[in-house]
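Undergrad: What follows is the residue order along each chain.
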Amino acid sequence: MLEVKHMVKTFFKGTINEKTALQGIDLKLEEGDFCTVIGGNGAGKSTLLNSIAGVFPVDEGQIFIGDTEVTKMPEYKRAKYIGRVFQDPMVGTAGNMQIEENLILAMRRGKSLGLSWAFKDNEKAFFKERLALLGLGLEDRLSARMGLLSGGQRQSITLLMATMLRPELLLLDEHTAALDPKTAENVLQLTDKLVAEHNLTTLMITHNMRDALRFGNRLIMMNAGRIIYDVKGEEKKQLTVQDLLQKFEVAGENALSDRMVLGAK
Amino acid sequence: MLDLVVGTITQGLLWSLLAVGVFITFRVLDVADLTVEGSFPMGAAISAILITSGMNPVLSIVVAGIGGMIAGAVTGWIHTKLKIPALLAGILTMIALYSVNLHIMGKANVSLLRMDTVYTMLGSLLGTVNMWSAAIVGVLVAAVVCLLLFWFFGTEIGTALRATGVNPQMIRAQGVNTDTMIVLGLLISNAFVAVSGALIGQAQGFADVGMGIGTIVIGLASVIIGEVVFGTKSFVRSLIAVVLGSIVYRIVIAAVLYMGMPPNDLKLFTAILVAIALSLPTLKAKWLAR
Chain A
4 MLEVKHMVKT FFKGTINEKT ALQGIDLKLE EGDFCTVIGG NGAGKSTLLN
54 SIAGVFPVDE GQIFIGDTEV TKMPEYKRAK YIGRVFQDPM VGTAGNMQIE
104 ENLILAMRRG KSLGLSWAFK DNEKAFFKER LALLGLGLED RLSARMGLLS
154 GGQRQSITLL MATMLRPELL LLDEHTAALD PKTAENVLQL TDKLVAEHNL
204 TTLMITHNMR DALRFGNRLI MMNAGRIIYD VKGEEKKQLT VQDLLQKFEV
254 AGENALSDRM VLGAK
Chain B
52 MLDLVVGTIT QGLLWSLLAV GVFITFRVLD VADLTVEGSF PMGAAISAIL
102 ITSGMNPVLS IVVAGIGGMI AGAVTGWIHT KLKIPALLAG ILTMIALYSV
152 NLHIMGKANV SLLRMDTVYT MLGSLLGTVN MWSAAIVGVL VAAVVCLLLF
202 WFFGTEIGTA LRATGVNPQM IRAQGVNTDT MIVLGLLISN AFVAVSGALI
252 GQAQGFADVG MGIGTIVIGL ASVIIGEVVF GTKSFVRSLI AVVLGSIVYR
302 IVIAAVLYMG MPPNDLKLFT AILVAIALSL PTLKAKWLAR
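So the sequences go chain by chain: A and B. Using the working numbering, you'd call the opening residue of the first sequence number 4 and step up by one each time. Using the working numbering, you'd call the opening residue of the second sequence number 52 and step up by one each time.
Looking at chain A on its own, in the form it has when it is part of the complex (with noise of 0.2 Å):
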């Protein structure tokens, strides 16, 4: 579950450049809600993602996750209740090193660290199941460095570590933008299972609008800083590209970016 109350952010205070990204946000997630976010750029999808995931402080505004409140929580600390996974499928993982040194690391988010050996038998048994769950063959490459794999790849392997400990939030900013079509599905319909089989709260921003539209139950379209349109449940399964793109024009021309338009043919 996630709560986030009247969240303000403004980036560049007191400077030419000044910037309020965030305008005061409310939402509140319930359990298991899926819920897509989509919106023009600049619309402050990211830094409503970054702001709950710690990224940097907000300005106003609290977020909890579950019961505890995060607010003034770092990052690192945050991240015991948050899986993510980002745009550039670099970011997600350490290119340098093996996959299952990632692994390892991912099955200890938010855990403290020992001065254990790292590599254990029953976890690597555990690592291979979950990556042959993913059907690209790299069940039997744990030992290969993460930087020789394809993007798709290492979104996969980033999502998969993302939810091998059970978050209580699932952030994904844009996770498929990066990947060829064909790629994407694959790991949108991966997304999803995850998803429904560990029954996880999940923020996903996407580009999208048929995705938006395909994955989940909720949808929230941002503008300027503001949730300005909020769907769930029977009402969003109703909803069509044609709807939505009626939602943007209500809001002004600059709420839609050429991407989506695009996208959305």
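Calculated directly from the structure, the hints in this document are not laboratory data. One should not assume that every hint holds.
Stated by the list, open to error - Simulated crosslink set (SDA-like; lysine to any residue; CA at most 25 Å straight-line):
#1 Lys-127/A - Ala-147/A
#2 Lys-83/A - Val-217/B
#3 Lys-114/A - Phe-201/B
#4 Lys-75/A - Trp-128/B
#5 Lys-123/A - Cys-197/B
#6 Lys-114/A - Lys-132/B
#7 Lys-75/A - Lys-132/B
#8 Lys-132/B - Phe-14/A
#9 Lys-123/A - Phe-201/B
#10 Lys-114/A - Ala-124/B
#11 Lys-235/A - His-9/A
#12 Lys-8/A - Ser-49/A
#13 Lys-31/A - Leu-197/A
#14 Lys-83/A - Asp-62/A
#15 Lys-83/A - Phe-129/A
#16 Lys-131/A - Arg-169/A
#17 Lys-80/A - Trp-128/B
#18 Lys-8/A - Gln-65/A
#19 Lys-114/A - Leu-238/B
As the list claims (entries may be wrong) - What the simulated footprint calls covered on chain B by chain A, stretch by stretch (three residues with Cβ under 8 Å from a Cβ of chain A suffice, anywhere in the stretch; the number is not a length):
#20 207-220
#21 227-233
Virtual Cβ for every residue (Gly too), placed ideally from N, Cα, C.
Dock chain B against chain A, hints included.
TA: Just chain B, lined up with the frame of chain A:
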């Protein structure tokens, strides 16, 4: 000739701790840490002054290592808490250590003439001459350090430390405090560097406040030579390559001196060597792009 060969390899082994220290910061953590220029003579200074005041030479090396840890932690603190770039943080500590080292010794250098050192101790224990005693110490120390680091970087904390250098964003998302890891890495690195300083100080029979000049370049040269000659296929391989790189560097230096290069030009030679080695990837890319 045997003297020269054994002496050169021994030098390489004793200096390899410095190289390993530089490897931890420069390659594992991906920061260039100049603290070594201060922590190396600091190790020698601590060890020398403690020996002259009657302490066991082995124990004096341990204390020197602790001194190095403090120096590294200071740089780490300046870098992570005061947000000063790592390069500058290292320079600040290095400069500060110059005064600290003078305070430790009370003067610019301390002689260990006719004092017990680890080498004379081992010599009287095994009945070996100084040359072989030093060689044995060198082999032992390098082997222990390699085993220790192989173990450490395979532990949970060691793995997280490596990941911090490769991708800090990723490892933060796994709940690791990257600041702590950076401080830890600098601390370990400078401990090895100070121990190296202590060993070298005892081997040459004195500690001098100026003996740290150019140590970062020597360390880099060893790391890079090791990588080029012996490869970086796995972590263990990289680690051993650093030690071997340190030996090769000493052989190269011995060879150019033997061929008549004035010793005064050594640092210039080393600097050019490192500059060429570091720029090889860029030059190669340019060459291929033509």
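Undergrad: All hints are to be evaluated individually against the structure, with a verdict given for each.
TA: Hint-by-hint comparison with the structure:
1. As the CA atoms of Lys-127/A and Ala-147/A are separated by approximately 14 Å, the hinted pair is consistent with the 25 Å bound.
2. Proximity of Lys-83/A to Val-217/B is assessed by CA-CA distance (about 21 Å); at most 25 Å being required, the pair is judged to hold.
3. With a CA separation close to 23 Å, the supplied pair Lys-114/A and Phe-201/B stays within the 25 Å bound.
4. About 22 Å separates the Cα atoms of Lys-75/A and Trp-128/B, which keeps this hinted pair within 25 Å; it holds.
5. For the suggested pair Lys-123/A and Cys-197/B, the alpha carbons sit about 22 Å apart, so the restraint of at most 25 Å is met.
6. Between the alpha carbons of Lys-114/A and Lys-132/B the distance comes to roughly 23 Å, so the proposed pair stays at or under 25 Å and holds.
7. Taken as a hint, the Lys-75/A and Lys-132/B pair is honoured in the structure, with Cα atoms around 17 Å apart against an allowance of 25 Å.
8. The suggested pairing of Lys-132/B with Phe-14/A holds, with an alpha-carbon distance near 22 Å, which does not exceed 25 Å.
9. For a cut-off of 25 Å, the pair hint linking Lys-123/A to Phe-201/B stands: about 16 Å separates their Cα positions.
10. For the hint pairing Lys-114/A with Ala-124/B, the CA-to-CA distance comes to about 24 Å; that is within 25 Å, so the pair holds.
11. The suggested pairing of Lys-235/A with His-9/A holds, with an alpha-carbon distance near 21 Å, which does not exceed 25 Å.
12. Between Lys-8/A and Ser-49/A, the direct Cα distance comes to roughly 17 Å. Compliance with the 25 Å bound is thereby established for this hinted pair.
13. Among the hinted pairs, Lys-31/A with Leu-197/A is consistent with the structure: their alpha-carbon atoms are about 22 Å apart, no more than 25 Å.
14. Under the criterion of a C-alpha separation no larger than 25 Å, the hint pairing Lys-83/A with Asp-62/A is consistent with the structure, at around 23 Å.
15. With a C-alpha separation of about 21 Å, the suggested pair Lys-83/A and Phe-129/A falls inside the 25 Å cut-off, and the hint holds.
16. The hinted pair formed by Lys-131/A and Arg-169/A meets the criterion: a straight-line CA distance of about 18 Å does not exceed 25 Å.
17. This hinted pair checks out: Lys-80/A and Trp-128/B have alpha carbons roughly 20 Å apart, not beyond 25 Å.
18. With a C-alpha separation of about 5 Å, the suggested pairing of Lys-8/A with Gln-65/A holds against the 25 Å cut-off.
19. The suggested pairing of Lys-114/A with Leu-238/B holds, with an alpha-carbon distance near 23 Å, which does not exceed 25 Å.
20. Under the rule that three or more residues need a Cβ within less than 8 Å of chain A, the assignment of the region 207-220 of chain B holds, with 10 such residues.
21. Figure legend: the region 227-233 of chain B, annotated as covered by chain A; annotation consistent (3 residues with Cβ-Cβ distances under 8 Å, at least 3 required).
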